[in-house]
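Sequences listed follow chains A, B and C, in order. Counted the way my numbering counts, the first sequence spans residues 1 to 274. Counted the way my numbering counts, the second sequence spans residues 1001 to 1294. Counted the way my numbering counts, the third sequence spans residues 2001 to 2523.
Simulated from the structure, these hints should not be mistaken for lab results. Just so it is clear, the structure is predicted and the values come from calculations on it, not from any experiment. Every residue gets a Cβ at the ideal spot worked out from N, C-alpha and C, and that includes glycine. Careful: at least some of the hints might be erroneous.
Unchecked claim - Facing chain B, a subset of chain A residues (Cβ under 7 Å, in silico):
#1 V33
#2 V121
#3 A124
#4 I132
#5 G165
#6 I211
#7 T215
#8 F218
#9 L219
#10 A254
#11 L260
#12 R263
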Amino acid sequence: MSDLGTTSDTAPMLRAALRLIGWSGLGLIAVAVALSDFLAHAPAGAAGIGPMLAAPSSAYPLGTDLLGRDVLSETLHGLSVTVGHALVAALVAIAVGGLLGAVAARLPRLAGLTLRGTMGVLAAIPALLLAILAIGLSARLYAPLAAGLAAAPLAFVRAYDRVEGQSGSTYAEYARATGIAVATLLRRDLTYEFRGTLATVAARALAAVTIILSTVSFLGFGATPPARDLGLMIAAAKANFFHAWWAGAFPAFALIVLILCARLAAGLDEGERP
Amino acid sequence: MLNFAARQTGRFALGLLGAMVLAAAISAIAAPRAPGLGPFLQAAGLRLWAFVQFDFGKSAISGFAAIDELGRRVPATLALVLAGGGVALIVGAPLGLLFGAGPIRRAAAPLMQIVTAAPVFCAGLALAYGAVHLLHWPVSVNAAAAASEPIFSRSPQALEFAALPVLTVGLAGAAAVQLALRRAATESARETFRAGLKHMGLSALEIEWVYAVPQVIAGLLASAGEIVLALLSAAVVAEWVFHRAGAADLFVKSVALQDWNMTALILFIFAGLAFLADFLGRVGAYALVNEGKT
Amino acid sequence: MSDPRRILEIAELTVATPGAAAPQLDRFSLTLDAGESVVVLGEDGSGKEALVRVLGGFTERSDQISGTIRFANAEARPAAKRARAPIRIAYLPSPLTQPFVAHVGVSGQLSRVVARKLGSPLASAREELRLTLERLDGAPPLSLLNEKPRALDPISTAWGLLACACAQTPDLVLADHPFADLGPTAVRALLSALAAEQQRLGFALLYATGGLQAAARLGRRVVVIRRGRVVEEGDAAKLASGHAHAYTSTLFKALPQLSLDEPKGRSAARGQPLLQVYGLELAAGGRREGITFELRRGASLALVGEEVSGPRELARAVLGLDRAPAGRVVFDAVDLNILSQTMTSRLRRRIAFITGADDALDPRMTLWDVVDEPLRAHLNLAGDLVAGYRETALKRVGLASHEGKRTVATLSAFDKRRLQVARAIVSAPLLAVVDEPLRGLDAFAQTIMREVLTDFRTQQGPAFLVITSDFTVAQALADEAMVFKDKKIVERGPIVDILRAPKDPYTKELIEAVTLLKPDPPG
Chain A
1 MSDLGTTSDT APMLRAALRL IGWSGLGLIA VAVALSDFLA HAPAGAAGIG
51 PMLAAPSSAY PLGTDLLGRD VLSETLHGLS VTVGHALVAA LVAIAVGGLL
101 GAVAARLPRL AGLTLRGTMG VLAAIPALLL AILAIGLSAR LYAPLAAGLA
151 AAPLAFVRAY DRVEGQSGST YAEYARATGI AVATLLRRDL TYEFRGTLAT
201 VAARALAAVT IILSTVSFLG FGATPPARDL GLMIAAAKAN FFHAWWAGAF
251 PAFALIVLIL CARLAAGLDE GERP
Chain B
1001 MLNFAARQTG RFALGLLGAM VLAAAISAIA APRAPGLGPF LQAAGLRLWA
1051 FVQFDFGKSA ISGFAAIDEL GRRVPATLAL VLAGGGVALI VGAPLGLLFG
1101 AGPIRRAAAP LMQIVTAAPV FCAGLALAYG AVHLLHWPVS VNAAAAASEP
1151 IFSRSPQALE FAALPVLTVG LAGAAAVQLA LRRAATESAR ETFRAGLKHM
1201 GLSALEIEWV YAVPQVIAGL LASAGEIVLA LLSAAVVAEW VFHRAGAADL
1251 FVKSVALQDW NMTALILFIF AGLAFLADFL GRVGAYALVN EGKT
Chain C
2001 MSDPRRILEI AELTVATPGA AAPQLDRFSL TLDAGESVVV LGEDGSGKEA
2051 LVRVLGGFTE RSDQISGTIR FANAEARPAA KRARAPIRIA YLPSPLTQPF
2101 VAHVGVSGQL SRVVARKLGS PLASAREELR LTLERLDGAP PLSLLNEKPR
2151 ALDPISTAWG LLACACAQTP DLVLADHPFA DLGPTAVRAL LSALAAEQQR
2201 LGFALLYATG GLQAAARLGR RVVVIRRGRV VEEGDAAKLA SGHAHAYTST
2251 LFKALPQLSL DEPKGRSAAR GQPLLQVYGL ELAAGGRREG ITFELRRGAS
2301 LALVGEEVSG PRELARAVLG LDRAPAGRVV FDAVDLNILS QTMTSRLRRR
2351 IAFITGADDA LDPRMTLWDV VDEPLRAHLN LAGDLVAGYR ETALKRVGLA
2401 SHEGKRTVAT LSAFDKRRLQ VARAIVSAPL LAVVDEPLRG LDAFAQTIMR
2451 EVLTDFRTQQ GPAFLVITSD FTVAQALADE AMVFKDKKIV ERGPIVDILR
2501 APKDPYTKEL IEAVTLLKPD PPG
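Construct the complete structure from the given sequences, taking the supplied hints into account.
Structure, rendered in structure tokens:
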């Protein structure tokens, strides 16, 4: 999950400003999630609050959906669910993927290569399909866990390749020749790869798993009612999308803002593929 | 070159073998067996042996041979991925090259972040909305009206139905293409040869054209595996959103209905495509930069 | 211009950077005639880099330039004006700056440069390059330069660059530290070839350098520059005589000289054997005789030879970094090839590496972490003790005032080199392997580095295994030497004895390469 594949060659001030915007955005989202019960006009899933498919107005700023639910309230509640799930998934991806990858690169060669090969095969499958498969195989495995596990192979491979690349470096060679133990080298990797970059790694993971989670929910494998995340909301709004665009557009907007803020907070690298 | 190709061939073969083992394990779930790890491993071994003999079992839904069922669906997905790949190159390559060099790179990066932050299904729905309200095209979002029409058809209506999923997949692929190009351009810009050769007397244009551009294109080729994965992932969503009856759509349905034979086979095909693209891309990249004219 | 031979006339050239306290180059003036050479000698940042930039036409946007330049018979123009020079200028860089594309053969790139400069087709340029290489005494053939840059050694690349510059039939050659750190015999050969070509083609030569070898060999005219200003000008012999400006005298004192005196205060090794090598072969399938030697505790041995002649390969094989085809290595009475990696790891803690390669330290680590690591990892010391030892070690190498949280990646080569010594100090090794410790350093830094290493050796007394191509470095750090050529030992023994009476012609060549001034007679 490190910055392999960076494209950044931008002035440091601009990078810092964009990072600040990203983290500020995430902060605002966190506040909105924490206060969602206060900010929302209605509890989660409360149907019949207003007329069906009412356009945005002063009474319902973001309109209502097919069951008369206030879209603003539903979007806030949906954002809470999405953010909560995404945080869990990101943690799983970092732990299983990034950390394990760094450790595996320092294992004895055969063990490391076997793990790398296995994860390489899994990384060759789109993470979305892996997530769907994990959920299907486990009879509705907790979706965030599935999304985290699905994002883990790519994170593992990147962390492994990065650390393993350093194993062949001159300084690693000299370190081994002067008796620096594998455990010390591993401690170096974990300290310098993650210290100071943990926030970046977490933000990048958050963006990646949010995309996976929302897509999985959109396809019907993720959150199940009554818990509705943003992906499920957009899927439900699809049937009436062309004449009642607000029911799907505003949750989509909230989702895009969440992903964008996470990516900006992570720096200018595009992050994981969907 | 031969050494490199041999190593990549070995890597490709091992990847395919790994994918086959994974597919056999998934398929073994559906095989009749006693509970426990031992019987499962035995079943997986038998399924693996069957795969080697091109016996991929039957679909639990239709009852037909899984390979036949897939044979009916894969062409549609391949066509979608190929067409989307074409769009990805047409849109992504200029963006990547234009925004990959010089001061414009600084302004481009945040813009690219904004544009590529939308998940594929959001982009697909947005395109559908635009097509319906601005272009008045028929759209198959809520009906499987023209889902069986092939992508490369001469019928105008079929093309209209096909345009949106192709664009959806293509734009997702374009994001991956422009990232690969910008990454390669950034790495090339950091190399010391530009200053060295320029100081010795070559012009900047000559250096870029003769030496830098092949490097950048090689960077794109080396990322072929990642680009194909992005296209496949987008194809899953596009087929679902636009009701295209392809292999990706079949995968989603197979998992939902627990047809593990079909799921395993589709996964193997997708993994195989990704490995093949990665193999061809790496060999192509190597040939371009290492075997080019001096 | 009255003198038809005048190639270059610089008047009051000043190069400043906004915000900097002093200009990089301050009212610099110089004239240069056809066939004449001038060595611009100074430390890093003395202003010679700015001079080369202006003359080469690749100034930076932030450079504020004033003064005038006149080329040959053209009118004097403002130095700030970026215009094509009316004379043919050939730029000669160092191969260590990696001026080539990695994936294309070197000969192709050099041919393209020649073709561009001569305005000729690529094939003609390639032929011109081939002929020039044939003419240069000691140069490899063009076919060797077909390899990609990584496959070529720096010396061959330097020959290629020299041939490229000469093939352009230039009026002026701008040599930008071209032969730094290439080994004394190679530098000697390259400088001789450059001088011969200059005589043949009649070009003017401006040679910017921080090392003294070029000044001593080419030095009919040396301009010493410091903080952007000319300190002194004259020929090398006069500048080295001691009757010169104080700064110049100090600079030339850094010129290492071979001494024929017996080493003082460093007695012959009496300790127990520390490193024993039996029948070690460096090349598979070769003759049966391997290399056998012994290094005792507190003793010192220099492995002297050019790149790829064997010293580094021997050191790597001895320390288990590379597998030798045959032979035994016994370190502190333990055969390193027999034990497990864990056990050898414990033994290897008593070995320290100090190398001239910039990538020897992990660039991610901080300055303090580099010194602390052996203390924490090997000795498991607590925080206060670690801090104390660290402070002492950094003071001894002159890095105590540096910010401890700076990463290695942000340090200069000189700082990295000293940091390696600090790490070695806290490790308290039995054996220190020192590999070209002065590579990439300017004259002053080399002097300090010699003192730091000598102090380390004297204070802590580890055995020293020195790898170098320079006999002056060998003599400064070791008492005995083995001379290598083509992976064979051609001569061995106490260094003073070798210097007094070298037997092998290659040994004589190595000695002559660093004999820039006559060595002191035996005391």
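For each hint, the structure was consulted:
no. : hint : result
1   : V33  : violated, 19 Å
2   : V121 : holds, 4 Å
3   : A124 : holds, 4 Å
4   : I132 : holds, 5 Å
5   : G165 : violated, 15 Å
6   : I211 : holds, 5 Å
7   : T215 : holds, 6 Å
8   : F218 : holds, 5 Å
9   : L219 : holds, 6 Å
10  : A254 : violated, 11 Å
11  : L260 : holds, 4 Å
12  : R263 : holds, 5 Å
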